[in-house]
Structures are given as C-alpha cells and as structure tokens.
Amino acid sequence: DKQLEGVQLAGDSLEDMLNHMGDYAPTIPEAVTGYYLNRAGFETADPRLVRVVSLAAQKFISDIANDALQHCRMKGSVQTARRPGKQDKRYTLTMDDLSAALSDHGINVKKPVYFT
Amino acid sequence: MTSTASSKHAAAHRRALSVAVAALCRDAGFDSSTESCIETLTEIVQSYIIEFGRSSKSFSELTGRTMPMVTDVAMAVSQMGSDISNLREYQRKLSRVKIPKQEMMYPTGT
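As you go down the protein sequences, you meet chains D and S in turn.
Under our numbering, the residues of the first sequence are numbered 1 to 116, in order.
Under our numbering, the residues of the second sequence are numbered 117 to 226, in order.
Careful, some of the hints might be misleading.
[Claimed, not checked] Facing chain S, according to a computed beta carbon distance under 7 Å, are these residues of chain D, among others:
id, residue
1, 42
2, 44
3, 49
4, 59
5, 60
6, 91
7, 108
8, 110
To be clear, the hints were calculated from the coordinates, so they are not data collected in a lab.
Small disclaimer: the values here were computed from a predicted structure and weren't measured.
Glycine residues also receive a C-beta, built at the ideal position from the N, C-alpha and C atoms.
Please take these sequences and the hints and turn them into a complete structure.
The structure is reproduced here in structure tokens:
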C-alpha cells in the first residue's frame with residue numbers, strides 16, 4: 001500500500017477535473033456527442049465522460065478557428081495598410097484561412113479540381 | 117462510412133453539430149463564414165468524436181472491459197494529442213464569462 005502512495009494513475013487528473021466540472025453545459029450538445037460515440041461502440045453509464053469528449057472536440061475546433069482568425073487578421077492588416085481610409089473589422093471564415101490553419105494541425109484539405 | 121449514412125436521425129444530429137461548430141466559430145471572433153468551411157469543420161469534428169470513441173473503446177477492451185472508464189477516456193485524450201490540463205484550462209476560460217446562478221448568491225449579514 002505504501003508503494004502505491006504517490007503513484008499517479010492516468011485517470012487521476014481527469015477524475016479530478018470531472019469532480020470540479022459541475023453542471024457545465026458544452027456548446028456541442030451531449031446528445032450529439034453521445035450519438036457519434038455510440039456509433040463507434042462507445043457506451044457508458046457516466047454522462048460526465050460524454051461531456052469531456054464534447055469539451056475536447058470543442059477545444060479542437062476552437063483552436064483551429066483561432067488559428068484561422070490569426071491568418072485572417074494577418075491578411076487583413078496588409079489590406080488595411082494599403083487602404084488606410086477603410087477600416088473593415090468584419091472577419092469572414094474562408095477556405096484559404098481554414099486550410100492554412102488546418103495544415104498547422106496536420107490536416108490537409110484538398111479541394112477537388114471540379115469543385116468551384 | 118460515417119458521413120454518408122442516410123437517415124433522418126443522422127441528418128438531425130449532423131445539423132445540430134454544424135450549428136455548434138458555427139457557434140464556436142462565432143465565439144472565436146468570426147462574423148460570417150462560407151458554407152464549405154462550416155461543412156469541413158463539421159466533418160472534422162464528427163471524425164474526431166468517432167475516433168475518440170473508438171480509441172477509448174479499444175483501451176477498455178484491452179483491459180477486458182466493455183464499458184470505458186475514466187482511465188480509458190484519459191488515455192484516449194492523450195492519444196488524440198490533447199492534454200487534460202489544457203482541457204481544464206480551456207474549460208476554466210469558458211466558465212469565467214458565465215453569469216453566476218441567482219440562488220447561489222446569499223446575503224452576507226442581517
């Protein structure tokens with residue numbers, strides 16, 4: 001028993017997180033996450049686990065979106081420098097910025113040649 | 117296999133997922149988006165969740181169980197290239213802007 005003292009199990013930090021999560025409602029609905037998890041054969045009695053998957057997926061998308069926004073801003077600063085009078089602060093997510101952000105995450109998006 | 121399953125059930129869930137993806141893009145600071153971007157991100161998040169489920173299922177089956185436990189999900193998190201501490205950080209950042217519930221606020225004195 002004394003040998004096990006101080007040993008950190010893989011689930012310890014997650015268990016700790018689950019206990020502190022409370023009734024947090026993720027943006028990706030738990031029902032939707034649960035549906036896709038069930039498709040993979042994942043079935044659990046603990047709804048908090050589904051919430052964690054929701055959170056992880058949400059973080060993944062948020063990180064990509066943030067990266068895309070950085071790409072968008074970098075491009076925008078070049079454009080506003082050319083035309084100093086016009087200050088357009090509306091950001092539109094385009095495939096150019098998105099594929100640049102995705103390639104940073106190791107995902108290559110290839111547009112089919114017939115797709116315009 | 118997963119994205120071409122044609123049923124009303126699948127379509128409804130996919131639609132809900134794309135709404136969530138759009139909300140996340142909005143949170144990130146975008147005002148608008150092209151349809152193909154939302155579609156691409158929806159496809160990605162769908163694959164992500166299914167891969168997550170498959171991964172934690174494999175970890176639980178490796179130890180002779182059928183239902184994934186907390187440890188299996190924790191292993192899957194790191195398998196997916198994420199970190200629990202990063203997730204906690206992300207959640208803390210999200211919940212910081214939340215408005216506290218009304219019944220949580222008690223008067224301090226009489």
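Does the interface hint hold: is residue 110 (chain D) within less than 7 Å of chain S, judged Cβ to Cβ?
-> Violated, about 11 Å.
Hint check: 7 Å Cβ-Cβ cutoff, residue 44 (chain D) to chain S = Given a least distance of 6 Å, the restraint on residue 44 (chain D) holds.
Against chain S, run the beta carbon of residue 60 (chain D) and see if the smallest gap drops under 7 Å.
-> 6 Å, holds
How about residue 49 (chain D): closest beta carbon in chain S under 7 Å, or not?
-> 5 Å, holds
Interface hint compliance - residue 91 (chain D) to chain S, C-beta minimum distance less than 7 Å = Constraint on residue 91 (chain D) satisfied, holds at 5 Å.
Can residue 59 (chain D) be said to touch chain S, with a Cβ gap under 7 Å?
-> 5 Å, holds
Interface hint compliance - residue 108 (chain D) to chain S, C-beta minimum distance less than 7 Å | 12 Å, violated
Do the numbers back the hint for residue 42 (chain D), that is, is its least Cβ distance to chain S under 7 Å?
-> 4 Å, holds
Going through the hint list in order, the structure does not satisfy hints 7 and 8.
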